[in-house]
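There are 4 protein chains.
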Amino acid sequence: MSKDGYNPALHHLNRRLRLAVIGGGPGSFIGGMHRQAARLTDCYDLVAAAVSTRSERAFEGGKALGLPEDRIFNDGLELIKTEASRTDGAEIIAIMTPNDSHFLYATAALKAGMDVICDKPMTNTIEEAEKLVGIVKETNRIFRLTHNYTGYPMTRQARAMVEAGEIGEIRLIQIEYVQGGKADESTPDPQGTNAPWRYRTDKGGPSLVMGDIGTHAHNLIRYVTGMEVKEVAAEAGAIVPGRVIHDYTGALLKMENGARGSFWVTQAAAGVENSLQFRISGTKGSLEWGQEIPQRLFFKPLGRPAEIRTPNGPGTLPLSAYASHIVAGHPEGFPDGFANIYRDAAEAVAAKRAGSSPRPEALTCPDEKDGLAGLRFVQAVLKSSADKSAWTEV
Amino acid sequence: MSKDGYNPALHHLNRRLRLAVIGGGPGSFIGGMHRQAARLTDCYDLVAAAVSTRSERAFEGGKALGLPEDRIFNDGLELIKTEASRTDGAEIIAIMTPNDSHFLYATAALKAGMDVICDKPMTNTIEEAEKLVGIVKETNRIFRLTHNYTGYPMTRQARAMVEAGEIGEIRLIQIEYVQGGKADESTPDPQGTNAPWRYRTDKGGPSLVMGDIGTHAHNLIRYVTGMEVKEVAAEAGAIVPGRVIHDYTGALLKMENGARGSFWVTQAAAGVENSLQFRISGTKGSLEWGQEIPQRLFFKPLGRPAEIRTPNGPGTLPLSAYASHIVAGHPEGFPDGFANIYRDAAEAVAAKRAGSSPRPEALTCPDEKDGLAGLRFVQAVLKSSADKSAWTEV
Amino acid sequence: MSKDGYNPALHHLNRRLRLAVIGGGPGSFIGGMHRQAARLTDCYDLVAAAVSTRSERAFEGGKALGLPEDRIFNDGLELIKTEASRTDGAEIIAIMTPNDSHFLYATAALKAGMDVICDKPMTNTIEEAEKLVGIVKETNRIFRLTHNYTGYPMTRQARAMVEAGEIGEIRLIQIEYVQGGKADESTPDPQGTNAPWRYRTDKGGPSLVMGDIGTHAHNLIRYVTGMEVKEVAAEAGAIVPGRVIHDYTGALLKMENGARGSFWVTQAAAGVENSLQFRISGTKGSLEWGQEIPQRLFFKPLGRPAEIRTPNGPGTLPLSAYASHIVAGHPEGFPDGFANIYRDAAEAVAAKRAGSSPRPEALTCPDEKDGLAGLRFVQAVLKSSADKSAWTEV
Amino acid sequence: MSKDGYNPALHHLNRRLRLAVIGGGPGSFIGGMHRQAARLTDCYDLVAAAVSTRSERAFEGGKALGLPEDRIFNDGLELIKTEASRTDGAEIIAIMTPNDSHFLYATAALKAGMDVICDKPMTNTIEEAEKLVGIVKETNRIFRLTHNYTGYPMTRQARAMVEAGEIGEIRLIQIEYVQGGKADESTPDPQGTNAPWRYRTDKGGPSLVMGDIGTHAHNLIRYVTGMEVKEVAAEAGAIVPGRVIHDYTGALLKMENGARGSFWVTQAAAGVENSLQFRISGTKGSLEWGQEIPQRLFFKPLGRPAEIRTPNGPGTLPLSAYASHIVAGHPEGFPDGFANIYRDAAEAVAAKRAGSSPRPEALTCPDEKDGLAGLRFVQAVLKSSADKSAWTEV
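Residue numbers (the UniProt record's numbering), protein chains in the order written: chain A, 1 to 394; chain B, 1 to 394; chain C, 1 to 394; chain D, 1 to 394.
Please keep in mind that the hints were generated in silico from the structure rather than gathered at the bench.
Hints are supplied without guarantee of correctness; some may be wrong.
Intra- or inter-copy, both count: the list cannot distinguish identical chains.
[Unchecked claim] Under the rule of at most 25 angstroms between Cα atoms (straight-line distance), these lysine-lysine pairs were calculated in the DSS-like manner: (1) Lys383 - Lys203; (2) Lys352 - Lys369; (3) Lys137 - Lys352; (4) Lys383 - Lys230; (5) Lys352 - Lys63; (6) Lys111 - Lys81; (7) Lys230 - Lys388; (8) Lys111 - Lys131; (9) Lys388 - Lys254; (10) Lys111 - Lys254; (11) Lys203 - Lys230; (12) Lys369 - Lys230.
Chain A on its own, in the form it takes in the complex (with noise of 0.2 angstroms):
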């Protein structure tokens, strides 16, 4: 994966980490980007998953990734044991399963002495991802969080360009996560037991759109400004009548810092695809970047021209640099930035299983902290939405 042939895992442990997956079942999205992601660093081998709890999924998810039938699970905790007690078992586990029960195997991972890899949001409440956040620091474990955006080049960079002081004090956000994969009106929520695990808010979360989409925008700001959100005033609900779960939520935002920003994230912008897009403003200039071209970042300094940057052209700094795999000009996409995940992922676990010291540019991937702060985050925007959107502290 890397344009000088740098690989983790081979450089730290002068072997392949060995993999194992809890959830992501045959067609998923999720799933295969996991798996993929895995692949592309070239860091991993995959050694064993659960895919399915449902026996006949998991058997024949489990084959399609030729895995032998010893090494397919339908129970991750039955996995998390079984590979524990082999001395060539598993020992990080990715986990993409509903968000209610990332707790229960993360947890259960991290106590048989696995690192964790796991899908966002971290759990379904503050009280899991506290508890969380203590069992990562008693077990002294890696564990490292999915919010994929922040994997991209040109998202690395702006974080670098703030930290390098290229826009000095930030003063001014913008945050849209904007998607139209709910507004089609005509096909209302599915109800019931049988409904999709999203939709039902004891498996999916207490607000959909804050869980799918909402804790990304809030940690891809945090990421790039390197600022807590302190206080926020939201709203979140229903724009499509007669849906129950949460497909809006908007917010003005105070940083830590004092700076504004305005929040807003959606699935029910009628033929909006995938529109995750920020506009961070210092004093000395502003950046703007935009998902769907990710390529491509907009630096706007005060007094002077705006510029393109794109992934490793000139200014690129060494925290892109490290997520940015090929010559300028030939574009990476998401798979790319969601490897980089897993790459950051394989350069702590090996350095730490090697007991030597990993790369700076790694360790700026979102982990349980980063977590719990977007639970905070949920918990804060769904408390102020029920006071008439009043200030809340997070």
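Go by the hints and put chains B, C and D onto chain A.
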């Protein structure tokens, strides 16, 4: 100006309208824009001017406009009085003075039997705005407000597509108006009685950012959607340390039909030029437009490919065609959009003075009722902002 | 029109220039554009017109322009003769007739002591073009040619950046002018003596696509690079079956300094609106511009990030600032670029008539020598095309 | 890789294909890209490598790929011989050596019963290319050529739309491939026997720019239009003073149906990254695409609004859907397009080895006949260039 040679003044009256201007002295950006707009339409003869209250500036400015001495004034009220007494006197007055005097001159002109084109915001206070609406009604004259962004062919196309039902029932609105002109923190606000009028709340109004650009943003979504903002949860303030006037406003919106919106305006976003942008999503699709490239309107219908609509391109509706004066592919700009306001005014005024019927395409032009709606919105924003951003009726 | 209130005619002469137009009757796109351009500059009073050779059309058209009967003509030569005899007669003539009569009217006007603004192509034949250059010299009058794409702020910025050495020695040029207006094959060329003049080679010239848009493309690269095309290997023809007039030309170019270029013009590219685009690469960087979004110039310096230059934005050079009439972020369009030609003409004419010196920024405007260069280029293209596309001197 | 979990190798053979690579040593951009492409598809196990002819580099490179010592070679022919003798030996060889050795290794592999994936250009001479086509036929094996730009979802969508008649009969083609990598004139061409192979015509072929990128441009228009270039009027040369190898080619094209085209490739355009772009116009509309933002295809139908087509967006045709591996709005990039070539190869090879039928969507992948067409085009370009750019048959 018109591609088909249609000239509203010549059509209805067989002559041009006699125009006088108040305000817009040497160095005024908006003054030049108003006069150029009038010229572009070819519907007006500029016959008198009071471009400044300072005698020397007023005289120099008037001479530069090619006016004879007896049609140059340094007092707008005297201009109105004198012109009203001439048989060849001005019949329409364009007002581009500091905000606090719009009411004074508009009222005098209307009462003198003149029609009025007025810069925005219409007035600084609701009280004045309400009175002005009454006086327009009593005098039965024409009043037009230069919310010029409604004059672009593609904002008119957007309105026409909404009216035609092409995006269905509106659900979600995003509007931003972001500039960088007040981002440089090394030049704090001018202070004292010599400060430019904009920086004095008695002259410039209670919220500079709202008067300058917030009312444009608010008016534009009303123009395109045909709906009123019903409630707002907002914060207005100064993000630049030590600044007194407002330089940003963030707000959440509820529209009269229940649609939700995000509103963000600021003049302190370093490096940004003049980014007025909207996305309006309905049950059948979304419309996206940005002022910096006004010759493109993006239409994203649900379940069909996104389209790029252009002035006079395929699919142009009559309201937009009326405002597009060249063949497709030849971009018009800000001056042409501004001139469309003057052309609409000429259509309304000339038809009225001729006792004939104006073309319906000219009647979407912002007027005194739109001005009042703007003031009400500013008031609600400030009230909500003072009340912990609680939802507040407009 | 000017952001600083500068009016060339008032500045040099303390009055406006008396303008007459020949051609541009009702329904003519370019006629309206010329007259609007004159109005936009505020440098001209339109005093006489012969918009058509058909009496009724001429009279109606003249009336619509608000002219008195004795200043309305149906014969351009008579207009010139009559106006020349009046003390308040036209002193500058704008010609927008079919191409084959440009020479006739221009010559007559120049010999009558008038200055001339002429539509392009200057003439249909090299012989006429060469004679015209001589007559301009003999009469010592001003002649300006409306290659209006040189009037955009960003094409002027490009020229100024080239002159300032910002892209170094020019090496490579790409120019395209692609339209779709003649793509519909269901409407074959109009035939016979009633065909529009453009489709008759005696009226429209030997190569319709070259006269209509090829000369624009050729002139634009000469304008920006400051260099002549020295040799051409070309093919011109009709791509639409059964078409007689030319609808495309492809060519390879050698510039006088040895730079190479690609040239592509057509009016038969279905669905394309008006795509005049260039990329000019020198030893130190490239410049890219496209007419459909004329408010953006892309500068790609060697080894530094690409920049987006905007009218009156940071880095604006004087030649471009002179042609940009509003603050940054407020786009001007085709009419404003066209008007810049008229403003340049007014600067040159007024200064000459006043015996004063014109501003240097006004002197890059295309003139009779550029017109001749265009004709020579067309001739070389046709010669090469007839000679198996062999390299041919221009 | 596939959004539907389809894996060609597992589908047809129930196992992955055994792949060996020749070339692509440490530091090679294209070597890493090939191996990553193989991984991305999940269709291959890399079992052997000869990444360099220098022993140490070959060994180090092989170890970094995780290969056992007995599967690491420093001689491609020995790799082929040894692997062919093993029952678990490589069955498909990927060749990414300097151009002059493609023929040697491809021939040996084919004769050893292996299938081949080969980097472009296929060979340096027509003679080799013609022989290779014969050998593929004789050996009845699969040969695939990594003209990877045909692997993007939107170039495949373009081809599918052309096939479906959506733009009608093709009339006009514009293709450019413009890079800036050889623009810096301060670093003249490396000279002597230690020069990189690309700069030596015996290794890199007769025209560097044509071999490197010209064949990509030529292949892409053939891929999308389904037509051959029939005649060319061209010039190839070095624009940078003192350069020996070619750094630009300009050409006019005649396609087999009479359509005309413009062709422009260079590696000396300062500041440009990797601009491979086309516009293809037919009687019913135009298609426009550029490699730097490959996730957008612009469709401009005659008389209807222009459309923006996206991977897996509305209107996606099967050929494109087969090459798009995520839901709409999540951009894939260069690596994914490159991998689609490997996936197509896997489909063809696995089906053949299984005796089953490959999916038709996999069969548009460039092969040995496309390689031969490329060599013929290069030859015609050079012949025309030597003949004063006269029209020359391909």
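Can you give the numbers of the hints that this structure goes against, from lowest to highest? Structure breaks hints 10, 11.
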